[in-house]
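Participant: Work out the full structure: start from the sequences and follow the hints.
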Amino acid sequence: MNKYGRLIFLIAAGTLSATTQAEVNLHGFATLAGGITTSDDENLHGYDDTFNFQENSLMGLQVNSDLGEGLSATAQIVARGTDQWNAKFEWAYLSYEANDNIKFLFGRQRIPYYTYSDYLDVSYAYHWITPPEDVYISGGFDSTNGVGAIFTNQLGPFNSTLHFVYGRTTDENDLDGETVHTDMQNQFTTAWNMNWEWLSFRLGYTQADVSVDIAAIEQLAAAWGLAGYPDFTTKISTIDDDNSASYVNAGMTIDRNNLLIVTEYSEYTVEGSPLAGDPSKSYYASVGYRFNNIMPHFTVGVSEATPADYRFLNVVPSGVAPALDALTAGTTAVFESSRTDSEYYILGLRWDFHASAAFKVEYQSKENKLTKHTDNLLRFAIVTVF
Amino acid sequence: MMLFKTICQFFVLPMVFFTYLATAEIAVIVHPSNGDTLDKSTINKIFLGKIKSFPGGNSAVPINLNEDSETRSAFDKNVLNKSSTQVKAYWSKLMFSGKGTPPKQATNDAEMKSLVAGNPTHIGYIDTAQVDGSVKVILTF
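Chains as they are written, first to last, in this note's numbering: chain A, 1 to 386; chain B, 1 to 141.
FYI, nobody ran anything at the bench for these hints, they're computed from the structure. Nothing false has been slipped in among the hints.
Simulated DEER-style distance windows between Cβ atoms:
(1) Gln105/B to Gly70/A: 15 to 25 Å
(2) Glu67/B to Leu155/A: 26 to 36 Å
(3) Val361/A to Glu67/B: 23 to 33 Å
(4) Thr179/A to Ser53/B: 44 to 54 Å
(5) Gln84/A to Ser114/B: 43 to 53 Å
(6) Leu199/A to Glu70/B: 26 to 36 Å
(7) Phe312/A to Ser53/B: 53 to 63 Å
(8) Ile77/A to Ser114/B: 35 to 45 Å
(9) Leu199/A to Thr37/B: 18 to 28 Å
(10) Val63/A to Glu67/B: 15 to 25 Å
Idealized CB from N, CA, C, for every residue including glycine.
Facilitator: See the structure below:
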């Protein structure tokens with residue numbers, strides 16, 4: 001190798017070693033959960049009366065590389081039991097810390113809808129096996145592709161964190177054997193968290209244009225056009241432009257010494273869509289107490305939703321044509337499907353049997369007041385972070 | 001023989017007692033050039049990632065002892081007001097939501113001292129019995 005060749009080699013080697021000095025951290029989390037409902041006519045949160053180990057089991061890996069000068073790259077890959085353990089990139093973003101108080105994120109990132117949304121998959125971080133599913137409806141809308149900004153400040157004795165996210169996400173989900181395409185556009189979320197020692201308050205607001213492509217719904221909307229009521233189409237179709245969703249959330253957490261109290265209120269509406277309530281409300285209160293390594297906890301929650309206004313159907317004459325009656329009945333059913341009135345309670349235990357792992361067991365009973373039917377679910381899980 | 005026994009009674013036993021008292025005390029240490037005074041609440045916030053600078057304006061980089069250390073457990077309980085599990089859960093929330101990373105860890109007291117003595121931004125803690133001239137003590141518990 002001649003003189004110049006060696007020089008180039010040295011420069012290349014120097015650059016390479018500088019890059020390899022970028023700190024790479026690998027961390028992970030896992031939940032291995034199983035559950036069963038207490039009788040054959042009970043179904044709750046994906047479980048039935050046969051033992052199911054897939055529904056809530058997952059494993060996640062997070063890679064973080066500090067590139068220096070405030071820049072870092074983060075990727076989180078999660079494999080879920082419900083997804084045949086296919087590993088998917090939950091997030092992959094580049095973050096830039098402008099200073100101690102401001103951090104920008106670019107790429108695929110979590111949407112902080114509610115208190116636990118940021119770390120929804122990390123069961124080790126909270127007391128339940130999963131946060132109440134009535135509030136934390138997951139699947140498809142958890143992450144977005146876009147930009148985020150996190151501002152942390154000390155406001156007097158309070159530590160304030162203000163988180164903005166703007167983005168768009170598309171997804172494909174399986175709904176009863178049919179592939180459903182969802183598109184969440186112009187999604188803007190803001191979450192504000194105020195913390196003082198053991199007390200935290202939270203306010204969140206999200207708005208987005210949601211498009212959900214379900215063949216049956218679109219056929220219904222198109223049928224009204226053919227029946228001579230074209231202005232019904234926009235009220236029923238969920239892929240047109242006027243479906244705007246808004247989520248509002250308020251929460252409080254008290255985590256003092258051995259006492260834990262968490263309460264949250266959330267409400268969402270999707271205008272121009274027959275699938276969501278107007279509004280859909282869900283709230284809960286949870287209390288836990290730590291006795292050494294064991295924390296028993298109790299949660300009580302309520303979900304309520306009134307259907308979106310479908311009185312526009314009243315102009316349709318009934319008893320005139322059977323096809324029209326069928327259309328009216330079908331549309332009414334779609335709107336009514338969002339009506340909800342249920343109460344649930346959760347009784348559980350968390351046992352930190354190891355420095356990095358915990359065992360959890362939980363019994364949930366949910367009563368549907370509309371159908372007077374109660375579903376009971378028993379679940380257990382081993383959760384860890386590493 | 002009697003003299004030996006007396007020496008034991010007067011020196012060894014109190015020394016054992018003194019050692020017991022010493023391991024119950026933690027000294028929060030910084031680089032000798034660090035002139036800031038810090039209270040427990042500020043140290044708490046630095047080690048929980050809530051503030052990232054010393055009152056004087058310089059960067060504050062906390063260093064923890066490893067998780068097996070008794071001094072670490074005592075620090076978590078007395079200064080952070082959390083059990084080790086709660087600290088782990090706290091950092092899991094921040095780490096897995098991209099909002100923060102836990103402090104670096106020193107494998108033992110000697111490494112802790114050399115890290116703190118070698119960098120004016122570092123702040124750490126050790127058993128008071130391990131304190132020497134290479135570091136400055138700003139608070140003891």
